[in-house]
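Chemist: Letter by letter, the sequence shown follows residues 5 to 298 in my numbering.
No lab work stands behind these hints, which were simulated from the structure alone. Hints are not guaranteed to be accurate.
Unchecked claim - Derived DMTMM-like pairs: lysine to aspartate or glutamate, alpha-carbon spacing no greater than 20 Å straight-line: (1) 123 to 191; (2) 289 to 277; (3) 259 to 270; (4) 203 to 270; (5) 221 to 254; (6) 99 to 281; (7) 99 to 213; (8) 259 to 191; (9) 99 to 80; (10) 123 to 80; (11) 73 to 54; (12) 119 to 80; (13) 259 to 242; (14) 255 to 194; (15) 99 to 280; (16) 119 to 295; (17) 255 to 191.
These figures come from a predicted structure and were not determined experimentally.
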Amino acid sequence: MLDPKLIQKISRIHIHTNHLVTEVMAGEYESAFRGRGMEFEEVREYQPGDDIRDIDWNVTARMGHPFVKLYREERELTILLLIDVSSSGQFGSIKSLKTEVIAEIGALLAYTAIKNNDKVGVIIFSDTVERYIPPKKGRGHVWMVIREVLQHQPQRGQTDIAQALEFMANVLRRRSICFLISDFQAEGYERPLRLAAKKHDLITISITDPRERSLPKIGFIELEDMETGESILIDTYDPDIRNGFRTLGDKEAEKRRALFRSMGIDHVDLMIDESEDFYINPILKLFRMREKRL
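Please build the complete structure, drawing on both the sequences and the hints.
Modeler: Written as structure tokens, this is what we have:
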């Protein structure tokens with residue numbers, strides 16, 4: 005039995021995004037992520053306008069008039085979600101914690117993938133892999149994935165993206181589409197990220213709270229690192245403090261974007277705001293960009 009609050013959360017995601025998933029996202033997703041290739045389906049008689057390169061000469065010779073081969077796209081894909089549940093996500097200055105946003109995006113992507121009959125799996129990680137659900141198909145399976153993503157209680161506090169990527173490399177044998185969803189408050193993951201991007205179709209989605217880029221002018225406040233417990237007292241009335249904080253945040257964000265660009269990784273940079281579905285349009289923009297490249 006699911007917790008009533010969890011059911012309510014799933015229902016809210018479903019109801020709020022149902023039109024987008026069924027009418028918009030599913031179609032955009034299918035266009036953005038193609039199957040592994042074309043698979044022979046059947047032959048039929050040649051019709052004016054058919055490509056002569058598709059003529060099946062063996063059947064044509066037996067039947068005495070031209071037949072062409074028909075193909076269908078081998079659509080089935082494997083989708084893996086890497087979900088960051090570390091303590092740095094337990095922060096939110098508007099209405100949602102970063103971990104809640106990460107979970108909702110993961111649930112939305114899982115639901116969209118299953119609408120297209122793809123396999124879906126998940127790696128939930130902090131500074132260790134806390135839960136792994138191998139990719140499978142089916143509505144029952146995807147709801148298990150969504151339930152785990154939304155209700156998982158983290159066991160550890162710090163972040164180790166490298167370990168999650170190395171674990172992924174060991175469990176995924178075939179090329180897959182992998183969504184890494186995190187606030188990326190970690191270090192030392194460049195090499196496994198590069199290796200993962202060479203083997204798989206890797207997409208990164210970064211989640212940032214507005215207060216991680218700018219400080220309010222409210223006097224002395226204590227800032228605490230959610231993962232290490234270290235704290236510092238600062239005076240937000242000081243313009244140099246506020247400007248330095250903003251500059252540092254902007255530089256870190258640009259450094260991250262440059263890293264992803266250098267590896268050819270598609271990236272969505274999300275800033276949490278008040279709107280219910282602030283993350284939908286940036287994700288759709290990514291899907292449409294990918295479609296144009298194909």
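Chemist: If a hint holds in the structure, say so; if it does not, say that too.
Modeler: Hint-by-hint comparison with the structure:
1. 123 to 191: violated (30 Å)
2. 289 to 277: Holds, because 18 Å separates the two Cα atoms, which is no more than 20 Å.
3. 259 to 270: holds (15 Å)
4. 203 to 270: holds (14 Å)
5. 221 to 254: holds (19 Å)
6. 99 to 281: Roughly 13 Å separates the two Cα atoms, so the pair holds.
7. 99 to 213: holds (10 Å)
8. 259 to 191: The hint holds at about 12 Å.
9. 99 to 80: violated (37 Å)
10. 123 to 80: holds (7 Å)
11. 73 to 54: Answer holds: residue 73 to residue 54 is near 10 Å, not above 20 Å.
12. 119 to 80: Distance of about 11 Å is within 20 Å: holds.
13. 259 to 242: Cα-Cα ~26 Å, so violated.
14. 255 to 194: holds (17 Å)
15. 99 to 280: holds (10 Å)
16. 119 to 295: holds (18 Å)
17. 255 to 191: Measuring from Cα to Cα gives roughly 15 Å; hence the hint holds.
Checked against the numbered hints given earlier, this structure breaks hints 1, 9 and 13; the rest are met.
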